[in-house]
Structures are given as C-alpha cells and as structure tokens.
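Number of protein chains: 2
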Amino acid sequence: MPGTLKALKSTLLGKALGDSAQESERYSIKWGLPILSSDAISSVAYACEEILLVFVPVLGLLSFTPMFGVVGVIIALLFILILCYRQTIDIYPEGGGAYSVARDNFGPISSLISGSALIFGYVLTVAVSAASGAAAIVSAFPDLASFKVAVTIVFIVLLMLGNLRGIREASIIFGLPTYFFIVAILVMIVTGVGKALFTGTPVDIEVTFAQPAKDLTLFLFLRAFSSGCSALTGVEAISNSVPNFKEPAQKNAKKTMVLLGVIVFFIFGGVCLLAALYQVTPLSNITVVAQIAQAVFGSGSAMFYVVQIATALILLLAANTAYNGLPQLMSLMAAHHYLPHRFADKGTRLVFSNGIIFATVASVLLIIFFEADTHRLIPLYAVGVFISFTVAQAGMFKHWVTEKSANWRQKAVINGSGAIITGIVCVVIGGMKFTQGAWMALVAIALLTFLMMSIKRHYDGVSADLALSSSEVRRLVFRQAPQNHVIVPMQTINRSFVKALNYAIGLGGTIEVYHVGTNAAVTEKLKENYKELHLDVPLVIDETSYRNINEVLLKHVDAYANGLKEHETLTVVMPQLMVRKWWHYTLHNQTSIFLETALLGRKDIAVVMIPYLVD
Amino acid sequence: MPGTLKALKSTLLGKALGDSAQESERYSIKWGLPILSSDAISSVAYACEEILLVFVPVLGLLSFTPMFGVVGVIIALLFILILCYRQTIDIYPEGGGAYSVARDNFGPISSLISGSALIFGYVLTVAVSAASGAAAIVSAFPDLASFKVAVTIVFIVLLMLGNLRGIREASIIFGLPTYFFIVAILVMIVTGVGKALFTGTPVDIEVTFAQPAKDLTLFLFLRAFSSGCSALTGVEAISNSVPNFKEPAQKNAKKTMVLLGVIVFFIFGGVCLLAALYQVTPLSNITVVAQIAQAVFGSGSAMFYVVQIATALILLLAANTAYNGLPQLMSLMAAHHYLPHRFADKGTRLVFSNGIIFATVASVLLIIFFEADTHRLIPLYAVGVFISFTVAQAGMFKHWVTEKSANWRQKAVINGSGAIITGIVCVVIGGMKFTQGAWMALVAIALLTFLMMSIKRHYDGVSADLALSSSEVRRLVFRQAPQNHVIVPMQTINRSFVKALNYAIGLGGTIEVYHVGTNAAVTEKLKENYKELHLDVPLVIDETSYRNINEVLLKHVDAYANGLKEHETLTVVMPQLMVRKWWHYTLHNQTSIFLETALLGRKDIAVVMIPYLVD
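Residue numbers (numbering that gives the first Met the number 0), protein chains in the order written: chain A, 0 to 614; chain B, 0 to 614.
So here's chain A without its partners, still in its complex pose (with noise of 0.2 Å):
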C-alpha cells in the first residue's frame, strides 16, 4: 500500500515536487564530480590495502616494489576507460552505458549479460563502500567494532533516505565530502612525505617478517593486480548518468571524466606511495589507510580522525555513485520489457524509488552474508564489472566499424584496445578469483540474465493477450445495463458499512448484506438491529465456530458467482476506513485488502471500496 504511508513519507523524504521541479534536478560538473566520481577516488581506501594483501604473506618487506608496478598498470587502465567513455558519451547522451551500447551493436542477449553485470556490480558497489567506509570508522573508534554489521547496514539505510529525496538535494548532501576527502589525503600526502624526506620516517617499524618465502611470480602479480582492479569499478558511473548533467550534458560529462583520471592519479598513487615510505601492512580491525593517517599524524592526532571521518564520508558517496546510476539503469531496462514496470516508475519527488529500494535490500543481504568483510566482498566484484566494461568497447568497435563517420579509424582502434585490454583482465580477474568467489558473480549474472528474459517474455504474452485487433474492435458490443447482483459483506452496523450499503443500492441490481456468525447470541443482536434499518435488502447469515471468516466467505461468493447467467456481473462492495496518521493504516482493512485480492483472484467478480474517513 505504497499511498498508505504517504505521512512518514513526507517527514522523511520532503514533500512531492511538481512536474516542473524535473530541470532543476541535474548537475554542475561542481557537483556532477563529487557524486559521480567518488567510487573511483574513494577506491584508494580499499585498493591499496587488497594489492598488499596479496603480496605481504608471501613478499613481505619485500612487497612495495612490485605494488608500485601494479598500481602503475591499473591507472594506466584508467586512462584507457577514460579514453574509451569518452567516445561512448558522444555517441550515448541518454545514458545506460554498457547496456545501451550493446543493445544497439549487438542484440538482446548481449545487452542483457551487460546489463545483468552492471546490476550487479553496483549493488555490490553499495556493499563494499558501505562496509569500507564502516571499517574507516572502526579504525577510528574501535568500540564500535562488534557493531560493524549493523554500523553498515544504518549507512545503506541513510543513503536509502537521502537518495528517496530527490538528485539535486542529494548533490548538496553528498557533494561536500569527496572534496573534504581530497583535501583531506593530499594534505596527508605533502605532510607525509616532507616528513619522510626531512627527518626520515618517524617510526622504527620493528615488524619482523618470515624471510620471503618466494620470489615475485607472475601468478602472485596477476593475482594482486585482480585485487587492486576493484579500483576501477565506478569508471562507467559518468558514462550512464550524462542525461542527469546540465546542459551541455556530453561536454559537461566528458570533462568530468578527465578531471577524475586526474585526481586519481594523485590519490591513489599518493597512498600507496606512503605506504612503502612507512611500511605499512594490513591488520585487522584498523585499515592501511588509517596506519599511514597514525603515522603521519600520530595515533591521536585531530588530523587522524579527519582522515577517517573524511575516508568514511567519501566512501558512503562510492555506495551513492551506484544508488545514481542503478535505478536509471534499471528504468532503462524496465521500459524495454526485461525488468518490472514499477522500476520505470518516477515517484512522489522524481526519482525511482523502486530501483533505489532494490539497490538497498540486495546490498543489505549481500552485507549480512559477508558479514561487512571488504575482503570478502571484493572477490565478487570486479568480474562483472569488467564483463561489462568489455562488451560495451565491442559494441563502440562495432559502432565505429559500421558506421563509418569522421574519424572512425582511430576511433575504432581506441575502443578495439579497450575491449581486447578489458576482455583480457575479466579472464584474469575471472580466473584468479574464481574459487574466491568470481563464481558466485558468474552464477549470479547468468540468474539475473536468465530472470530477464523470462520477465520480457511475460510481459509480451501479456500485451498479446491484451490487444485487440482491428476486426475485433469492430465486432465490440457495450452493454448498457447487465443484470448487477451485488453483495455488501458486514461485520456490524456501524456508519462505514451504512455508507458502503448506500452505494450498494445506488448501483441498482439485486443486492444482499452477507455476515458471517461465529457467536450465536451476538449473531441474534445483530439481526433485530438489521431489522432497525427497515431495509428491504435481504441478510444473509451463516455460522462458523472458528474465526476464519474470510473463508467463508469467500465460500458463499464463490456459490453465488457460479449460479450466475453469462453477462451478469457480480459486484462486492467493502468499505475501508482511511484515517490521519500513516501508521494507524497498520491497524485496518486487512480483512477487505485480503478479501479484495482474493476475490479479484478467484472469479470474474467486480470489487468496490466505499472510503470511510475517520477523524
């Protein structure tokens, strides 16, 4: 009963905004950057911390050269989807990305599996920010750390709220913190390295590690590489939202691109540089991160929290990126057939409300599993992303290769690149995770691809079904007056039956009021009442000895429909009370919404609800 809690819903959400409100709602590249961008920048958070993972068991000291050669790969991959999106914006500017671009090089099936691979990497987009950003805080304030679960999931829930709101308020909400973020860790930069050069670096890490066990492999590169690609993730995030900027929306979006390589470049490179100048490595319960910010800093420092807060806050913008691009993604999808049509739905304040919903369950579920373990998370992430990634720089090849326009040599070899380099990384990505977890991302795409399928099937049985041809249309006959029987269920004599029964007789036709006993004696007060009334509509009694009276009757309808001529109708009116607060609707009309969609169900009978206001 989405109306129902229309009252909670303005408290939370703000009221409805009008048609006209819809232009306002877009971004500036002031604040386009900041939102859309924050998963790819807030990616040094996590990123660095998942390459050392891999290499300190094995390399230990050892590991901070070959991160560096990793770390130089994976931006060099930025910079090659930047390249390759930019030409997709120009030939894209309603958005949708991967999906759109397969859909139109290719066909269905490889729209769908991008699409499925771009669902599911932003749902988990909002779980690995969410739990990143929840360890930055446990880092900081490590009573909290039984409560990270939950810590989590109140951070998808605040962005659920924020997003229901609407875009443009979400811009001065969510904008603020990336650039908090970026001052914040280039202030760390330039502190931490002057402070390395000048008077070396100020602790003596006195860490003793195992003499490495083996050498550097390119297994264990390949391996660390995968890990560190969940940077990249979010890249796409510009491409799918351009109609959600100003206009001119391409140039606006194409620029925002550029300045995010750019950023990146200093932030990512910047830590994991810092990290080698103080040698840090992961632990548990305290983020790579959040050891540099105590380095440098000292453990507790002001300027150490305002590297957690500001870590956290960028990293609930990277869970925001994809409550941005999901739900346009999947209202795209869902005016096409393959997803329900309630996710092409804008609501009360001109967002899609459904895909934000959905984006929330999928990622709390996922949260719970995985207990808000990043590490855990990962594994499943970059797979789909970089499927998609790969079909979508096929499709520009082909675009290119077809069409022919200005240009189109080199533009052709740009994406070609992209999609042989992605295509490569998805197998290696796809490999080296896979018993890690790849294979439930794999599993689920193909679920979801398969889901979309049957889901577009439906839908045109449906409008098969529906439609009416032409000689049809010609043959229709419109009754002017069938024969109406109608049946008024009561359960007592109270001023919202009376307004339901008054309807009733308005509507003509054999009526009758139907009750269900199970108390004799009230059963006996309830018809001398009735005869009050002075009616001549007949009452209808019959008796159960338990309270299932819904069974009955819809036990009673059921006979009564059955003894029915063709082109009568049967018609059952209920009243329902509407009332003033939102969770008073908690408290009524189960019985008639129950009977409502049981009776629709189940015959070919007209339901009417008659509203009773109480006051």
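Because the hints were derived from the structure by calculation, they are not lab data. Incorrect hints may have been included.
Because identical chains cannot be distinguished in the list, a pair is counted as satisfied if it fits within a single copy or across any two copies.
Using 25 Å as the maximum straight-line C-alpha spacing, the simulated BS3-like pairs for lysine-lysine come out as follows [as the list claims (entries may be wrong)]:
| hint | residue 1 | residue 2 |
| --- | --- | --- |
| 1 | Lys-580 | Lys-554 |
| 2 | Lys-580 | Lys-455 |
| 3 | Lys-29 | Lys-245 |
| 4 | Lys-564 | Lys-498 |
| 5 | Lys-564 | Lys-554 |
Based on these hints, arrange chain B on the given structure of chain A.
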C-alpha cells in the same frame, strides 16, 4: 497484497486447510513436551557456559565449586516456578499466562507490562536459541565461522516456514529432536562419568591459569546467577499454550510441566558435572558442550558430531517454543485491541501467520545488531522473563486471597512465595546486568507498553466514531439512485480496458474515459483508435512532458470531485490484471494499486477494480 503470493505460499506452506481441520491440530503430552519445553531443556547448551564465563576470569580452576552452588539455586527456582505455574494452569485454561493473570487481577497497565515483557522475552528466545544453535554448528564445522550470522538467519527463516505450515505438522517435524538431544546428552553424561570414574579424565589438561585474583564474593555469585537464569526462560511456555493441548488440556499441560522439571534436573546437572570433571572453560568459536563432547568421545568421533547436531536441533526447537507461544499471546492481545487486529486472524493454515512473521522480523533484527553473539544477547533476556514471572505470581496470589476457594491459604502461600522470589531475582538480574543490556530490555518493554496503550486508544476512538446510536439509525435515509459520475482511466485500448469500460457503462450515470498523454504522436493515434469504438462516452486527454502520469491523473480526479454537488458520487473504474503465476504479480498492477490507495485516501471517491484474467 497477501493473496497474490498464493501459489508460492501453497508450495512452501502446504495447501490451505479447511475449517474442520482445527481440532486435530493439538498436542498430546508426547509431542507437547518436546515442543514446549525445549527452551528450558536446551538451556544447558548455553546456561552452563554463561555461568563459567563469569567465574573463570576471576577464579580460574576454582570456578567449579561455586558453579554447583549457582546451578543448585537455579534448579530449586525451577521447581518453585513449576509448582506455581501448575496452579496457574488450573485457573487459566485458555492460556495467555502472565498477561491473562495480570489482566484479571490487576487491570490493564500491569497486564500490558507483563504482556510486553513476554513478547520481548519470546523474541529473545528466538534470537538467543538460533544464535546458540548456530554456535553449536560452528563448533563442529569451524569453516562456517565466518557465516555465523547467515546460518542463524537461515535457521530462523526455516522455523518461520515450518510454523506457517501449521502446528500438527510442526509437532512431527519439530518433536523428535528433543528426544534425540535428551538421549545424546544422557549417553554423554553416563559415558563421561564412567570414563572419569574408571580411567580418570582422559586428557591431562594443561591450561595455565593465573592465580585467582580474588576470592568468591557475593557480587560474583549473583552475577553468575543472573547469567544462569537464562536457563529458566521458557518455563511459562507450557502454561501459555494450554489450549494447544489435547483434552483434557489442563491435566496434560500440568503433567508436561513436571516432566520438564525432571528432565532439566538430570540434563543441566549432568552437563555441569561433566564440565567440572573435565575442567572445561569457555573459549570463543567452540562451545562448552562441544568441548565436553570432544573430551568424552574424542574430537573427530561420530558421537561428537551427533552431540553437536542434536544440540543445534534442540536449540531450533527452543526458538520454536516462542513461535508457538508468541503468536498465541499476540492474538489474545489483538482481540483485546492492544495490538493490530491482524494478529488475531488465523491464516489459511489455521495459524496466526502475522505473529509468526513478527517473531521472525524482530529476531532477525536482533541477530544482525548483535552479530549472532549469544553472550551479548543474553543480558537482555532474563530480565523481561522475570518481570512477567513476578507479575503472574503476584496476580495468582491476589486471586487466591480474593476468591478464597478450597485450600486457598496453601495455594496463596505457594504463589506468594513465588512472587517474592521471582521479584527478588528480577531486581538482582536488572542490577547485575543493567549496563550490559538489561537497560535496553527495560526501555523496549516500556516503549512496547506505551505503543499498545496508543493502539487501544485508537481502536476505541474509531469504534466510537463509527457507532450509530439508535436515534441515528431511525433517521437513516438510503437513497435509491444517486447521481453517479464515473471516470475510467485508460493507458491503451486493450481487452482489460474494454472490460472495465463495459462495467462502467453498466453502472449508468455520467461516464468519461480519461487518458494522460506523454507523446503527441501516440496520443493522436489513440484518439483515432478510440473513435473506431463508436461510443458516446467522451475521451478526455491531458498532456504531460514527464512520466508522472499518476500525479496528473490524481489532479484531474480532484478537480472533478470538487465540482460535484452533495449526494453525487464519483467512481473510478480500473482494470486489474490477474495472472497465473505468483511472481507475475510483481510485474503488474502497481499503477492501479497505487491509484486505488491514493484515490481512497484523498477524496470521497469509490474505487472499482475489474479483474481481467490473463492466460
């Protein structure tokens, strides 16, 4: 939309039961005992551990002697409670326990306090028992340690499904494991004691304890006692569920209570004896019972796994106790208007489905918040249960003193002593556990009490609002044919629209077909198609540039309704698609359901739903 999930429901829950199936859904002693006393019996799986958890950090290996003191007091308390509750069963054959007793003897406020305390206690029974069951499984299969929250939630959901199927099937599914557990533990006790007597304790335990820091103090003893009292929760379940027993229900319930006492005495005492003989102390990730089973049978032995699985199963049954008691209690309180009336409705399987679902949701939230950690949940637990014990016994005391029936003096002494003892225990637990979580329990119980008072006030207000005095009844006028206005919203011309329009025409009065257009070309085509129907019903069209069709439609209906004269009614007729598979309902009708609720809520508008069955 409860009815839309019908097909899924009948797969998961079994077919709907007829009215006459009610009587057979009752317990014999043989099945009532395992289902209703599993909570108390299973308590050995954690109560012994909770006691040691208080003593061991302070007293080390000297913990076992005071442990027997605590266990002795708790078992004595158990027999006092059994004596007291046998007298309650005599007087209250309809169940309801503390709530009914307080209601009869003290009035609404204290009945609500004890009702709230019982509800809170039941929810914690589910949470604590499911979490302990998961702990038993994790002890046997340590690989699952990182999925403990998920395992716990799966347990709770399985219990919910089992209970929604109905209580007799529940007996058979859920009855056997208690006997299995009793046998497994008795075998363990006999083997363990025999081994200790004849061969000495098999393992030389070399745990090194710090020299006890302090002597046993009264404070320490009381803290351990407060922890151990979790063993007594669930004793009232039998007395609350008397109507679930076969006739003679009271006699059967009383016999079951005595059997419960005897079994707990042997099992609880025996396990504590083994803990002392084998000097087992609490560790994380392996329970005390698991450690005992390892010591007695060997750590990889079949019997070790048997004990762990039996423990997990009986703990699930203990959670199931609450699934039996809570919905019954909530239905009683709903019938008294303290809870939403839906809690008093029996579902298609003749169980109180809403109470079962409530128990699930509430306990899952607790599990997520406390990360399935038994030690953190237990401090919340016993205080609520002992509040209800105290109120119930005080109420019984008042009953005897007021009624002065046969043997009233003796009976008053028993219940009076019960009230004083449980009252003292209540204060002890509240004080000892206050900062660890008892404060949350007290706050929750207070809030629940307040909420239920508000609900009652609301229902009373609505009844008064709806009531018709006899003078009003005499003045009632039923209009024969009011002027009716009908709006039929149309998205497209198809079969379901034609059916709705046909019904609308049958209603008579002024009719219009209303369409919200978002695309000029589509609208033009629709107009042409409409003309082909050759109707004299006008087609009214509004245009909007965004897809907020519902909003525009509601505005139009509002304007129409505002223009009506008194005694004219406005009816909106909408088609509703009926589909064969339950999941197809997620794909349809969201617009008509939204509009129905919105229309009923905002204006005095009747809403007619016309079903159209899609094949």
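Are there hints from earlier that the structure breaks, and if so, what are their numbers?
none
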